[in-house]
Amino acid sequence: MSAPAIPRAVRERTLLRSLSLVIVGGLLIALITGALSSYRNLQLAYGGYYFAALAGLTVLAGLSGQISLGHGALMAVGAYTSGLLIGNEGWALVPALVAAAGVSAIIGIPLGLAASRLRGPYLAGATLAFAVGLPALADKFPSTFGGENGLTINPSMPPSWLGSNFALERWEAWIACACALIVLFVLYNLVHSGVGRSLRAVRDDEIAASLCGLHVGRNQTVAFVVSAACAGLGGGVFTVVNQLAAPGSFQVQLSLYLLAGVVIGGLGSLVGAIWGAALLVFLPNWTTDLANSFSLSTNVSHNLPLAIYGVVLIAAMLLWPSGIQGGFRSLGSWLWHRRGRRSRSPGAPADRPSAAS
Amino acid sequence: MLAVHELSAHYGPVRAVDHVSLEVSAGSVTAVLGANGAGKTSLLRTITGLIPASAGRVIFEGEDITRRPVEEIVRRGLAHVPEGRGVIAELSVDENLRLGGLWRGRDAAPRKEIYELFPRLHDRRTQLASRLSGGERQMLSIGRALMGRPRALLLDEPSLGLAPLLVAQIMAMIRRLADTLDLAVLLVEQNARSALSVANRGVVLNLGRVVADEESHRLAADEGLRHAYLGF
Amino acid sequence: MTKFIDLTLSGISDGAIYAAVALALVLIWRATRIVNFAQGAMLMITTFIAYAVIGAGASYVVGFLAALLSGLALGAVTERVLIRRVEHAPPLNAVIVTLGLYTVLVAVAGMIWGNTPKSFPAAFSLRGYTVGGTTLLFTPNDTFIVLVVIAVALGLAAMFRFTSLGLQMRAAAFAPEVARLLGVRVGRMFTVGWALAAVAGAIAGVLVAPSVFLGPNSFDPILIGGFVAAVLGGLDSPPGAVIGGLLLGLALSYVSGYEGSALVPLAALAILVLVLMIRPSGLFSAAQERRV
Numbered sequence: 000m001s002a003p004a005i006p007r008a009v010r011e012r013t014l015l016r017s018l019s020l021v022i023v024g025g026l027l028i029a030l031i032t033g034a035l036s037s038y039r040n041l042q043l044a045y046g047g048y049y050f051a052a053l054a055g056l057t058v059l060a061g062l063s064g065q066i067s068l069g070h071g072a073l074m075a076v077g078a079y080t081s082g083l084l085i086g087n088e089g090w091a092l093v094p095a096l097v098a099a100a101g102v103s104a105i106i107g108i109p110l111g112l113a114a115s116r117l118r119g120p121y122l123a124g125a126t127l128a129f130a131v132g133l134p135a136l137a138d139k140f141p142s143t144f145g146g147e148n149g150l151t152i153n154p155s156m157p158p159s160w161l162g163s164n165f166a167l168e169r170w171e172a173w174i175a176c177a178c179a180l181i182v183l184f185v186l187y188n189l190v191h192s193g194v195g196r197s198l199r200a201v202r203d204d205e206i207a208a209s210l211c212g213l214h215v216g217r218n219q220t221v222a223f224v225v226s227a228a229c230a231g232l233g234g235g236v237f238t239v240v241n242q243l244a245a246p247g248s249f250q251v252q253l254s255l256y257l258l259a260g261v262v263i264g265g266l267g268s269l270v271g272a273i274w275g276a277a278l279l280v281f282l283p284n285w286t287t288d289l290a291n292s293f294s295l296s297t298n299v300s301h302n303l304p305l306a307i308y309g310v311v312l313i314a315a316m317l318l319w320p321s322g323i324q325g326g327f328r329s330l331g332s333w334l335w336h337r338r339g340r341r342s343r344s345p346g347a348p349a350d351r352p353s354a355a356s
Numbered sequence: 000m001l002a003v004h005e006l007s008a009h010y011g012p013v014r015a016v017d018h019v020s021l022e023v024s025a026g027s028v029t030a031v032l033g034a035n036g037a038g039k040t041s042l043l044r045t046i047t048g049l050i051p052a053s054a055g056r057v058i059f060e061g062e063d064i065t066r067r068p069v070e071e072i073v074r075r076g077l078a079h080v081p082e083g084r085g086v087i088a089e090l091s092v093d094e095n096l097r098l099g100g101l102w103r104g105r106d107a108a109p110r111k112e113i114y115e116l117f118p119r120l121h122d123r124r125t126q127l128a129s130r131l132s133g134g135e136r137q138m139l140s141i142g143r144a145l146m147g148r149p150r151a152l153l154l155d156e157p158s159l160g161l162a163p164l165l166v167a168q169i170m171a172m173i174r175r176l177a178d179t180l181d182l183a184v185l186l187v188e189q190n191a192r193s194a195l196s197v198a199n200r201g202v203v204l205n206l207g208r209v210v211a212d213e214e215s216h217r218l219a220a221d222e223g224l225r226h227a228y229l230g231f
Numbered sequence: 000m001t002k003f004i005d006l007t008l009s010g011i012s013d014g015a016i017y018a019a020v021a022l023a024l025v026l027i028w029r030a031t032r033i034v035n036f037a038q039g040a041m042l043m044i045t046t047f048i049a050y051a052v053i054g055a056g057a058s059y060v061v062g063f064l065a066a067l068l069s070g071l072a073l074g075a076v077t078e079r080v081l082i083r084r085v086e087h088a089p090p091l092n093a094v095i096v097t098l099g100l101y102t103v104l105v106a107v108a109g110m111i112w113g114n115t116p117k118s119f120p121a122a123f124s125l126r127g128y129t130v131g132g133t134t135l136l137f138t139p140n141d142t143f144i145v146l147v148v149i150a151v152a153l154g155l156a157a158m159f160r161f162t163s164l165g166l167q168m169r170a171a172a173f174a175p176e177v178a179r180l181l182g183v184r185v186g187r188m189f190t191v192g193w194a195l196a197a198v199a200g201a202i203a204g205v206l207v208a209p210s211v212f213l214g215p216n217s218f219d220p221i222l223i224g225g226f227v228a229a230v231l232g233g234l235d236s237p238p239g240a241v242i243g244g245l246l247l248g249l250a251l252s253y254v255s256g257y258e259g260s261a262l263v264p265l266a267a268l269a270i271l272v273l274v275l276m277i278r279p280s281g282l283f284s285a286a287q288e289r290r291v
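Chains as they are written, first to last, in numbering that gives the first Met the number 0: chain A, 0 to 356; chain B, 0 to 231; chain C, 0 to 291.
Chain A on its own, in the form it takes in the complex (with noise of 0.2 Å):
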């Protein structure tokens, strides 16, 4: 990799600070989930899986201004692939869920490719055109994919060191939470390796960067493979958590509810990632309650959550287009500000310049 050098000292603090943010983030989690009830875990779990797919949706966005119309799609490959492997042939977890990102990067590489010579609006029509396309495979070989009722799994259940009673929910909110501190350690790496830098500097001016000799193409056609690996391995996840995989689940809305939990996260922000697994993961709900409380019609309260998705992309571009984590971080600079004018200086000087700034 051709990519500009970092140095060691500085890849190791990276490396350091990732792997005890993992550490931690695990261990919170191993104690938190035992004080969970078991829906609350379930919904763990879902977070968990959302989590890992929109954290690859958001880098990719965040280091190359690319968005991807295809993750819902490459959800669907890799759900279907741990669904075919842990189902049909009796694989066991986790060489599934490997399996399961290792065969939607492969399917990412051709994604990637294109990825990394298209600009502006064609990589979002062509992994549009992926993701409109994908679901009718299912019923293209039904014997394979199971058709239109999908492909189901026996629930994978804790291992025995665990203990008896320890709950099914429980340790599928460890699962999805250790894939998705996985897609974090990798995604974190990424975005400050020599990689990460270069994509930055394309972002910002692909010429200056090309003439820099930073192989603008095959940094891309990275950025977008590890991306599907990690919506692959959220894939995975799905059909384990919830023993199904079926393309009802994979249309192409789940694509845009994906877009918009990266977009309300903020593009590019990986802490943004959790506020949009939370959205996806509430909303939902929050809709069919009240859809139930004004006892609104099945269409209406079908669409409900549809609808606030697409207000939601729309608000947040032409309102707040840095997201929800950039909203805190502008506050926070903003306070800060504030503080520091207000002991410097008490009487603001007049002519300061106004349309400067």
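Keep in mind that the hints were calculated from the coordinates and are not lab data.
The reader is advised that the hints may include incorrect statements.
So the derived list for chain A, only partly shown, Cβ under 7 Å to chain C, looks like this [what the hints assert, rightly or not]: (1) 120; (2) 125; (3) 128; (4) 129; (5) 132; (6) 138; (7) 141; (8) 156; (9) 255; (10) 312; (11) 313; (12) 318.
These figures come from a predicted structure and were not determined experimentally.
All C-beta atoms in this analysis are idealised placements derived from N, C-alpha and C, irrespective of residue type, glycine included.
For this one, chain A is given, so just place chains B and C on it according to the hints.
Chains B and C in isolation, oriented as in the chain A frame:
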């Protein structure tokens, strides 16, 4: 006709136009001179509203046109021939001309008139503007501005990249247009000598500020100024 | 052999639809350098409006007109209210806004009309022509589709070429700043471009609805087809969009006939990626290649 009072404009934190005042009356040519980056182009772009003015006023025919939309300013009869000649390469010569007169409706100058002024354009009227030479593009750009029968004409570096003979022709034509059509012409030029040869007044800008505003023959005679800012 | 002829003919009719949607996308791209991913949803809404009008007892023609008028309004309002605010933002923002609009429109259609696809009346018979004893798949309605799309394409071409509105729209698209300096109300031209595009889309929606049925997501593959057709044509060129649409219609018709309709969107994706890899500026575009 056209008066600029204490006009300022910013590019980000940089003040590109800094309290500039000048006047152009009908039938006269005012040259705006200065080195690269002195703010000449920014001044023209601020007058026509392409850059929002941060302070000051632009008065055209007695009315304040500061901060009005570009289209509305142009539709009052203030034509701006942009730098780099601004012909629309994807349109034919004839279409470029038509476009210049559309806002005037029936009162637009007949294309015949422009073609009489620039016979070269008539020969090439069905060709795409991208096929024209530099001098022809400049003619098209000026001719297109005249289609709307403007009262004032802002010209941004019309001599840029042209052969000396062509520059002299263009300058002579600008003088003639001012005289025959009673146009107020604001001529931005780096080529100070040829601009001053046809201008009534000269305004010298440096770092966005007016450093001199005099009749053109006096300006040309001021050796210190010439050396410092005009390079001849 | 009959199958091949059938597929070719239905490819032409599908291609006409792709061409109309591609024209809509190209009009918007030229005006505002935005790919309108909401196009499929916009034409879905206008077709639903035609459906509602016809369902209320009006004739097909009135329904068609209702679709056109609502398209005109929808396009203009979208540009004025949403797009104008992101025209100067990074291109990604505009992409996301059109996707948001797509999402909202799909949800609204689902709320009003439900998610079960409805059947939509055809203008003419859906019974194939009989030639020498064999019945073709090509129907009088397909003839209607092809003729209407040809008329739309020629009408747009004439409008751009011969009217002063068309001249101003081209100027605004090619060189917005110069156009403003010539007194062209560029913002208004953009609005007109969006409105005309939505009308072209609305026409495509009403034409194609009888064969795909009418549901909130029915037109997603049509949008994909239109997008690929527009890219084939270079995204910038209306004649390119029409030729691209016909070529894509033929190619996808063979894929669908010999391999099954489930593969159509993925085949479109494959064609798209191939074209972008080999000739990023489109098959027929004379424009220069994109930088880098």
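Compare the structure with the hints numbered earlier in the document and write down the numbers of the violated ones, lowest to highest.
-> Numbers 7, 8 and 12 - these are the hints that the structure violates, sorted from lowest upward.
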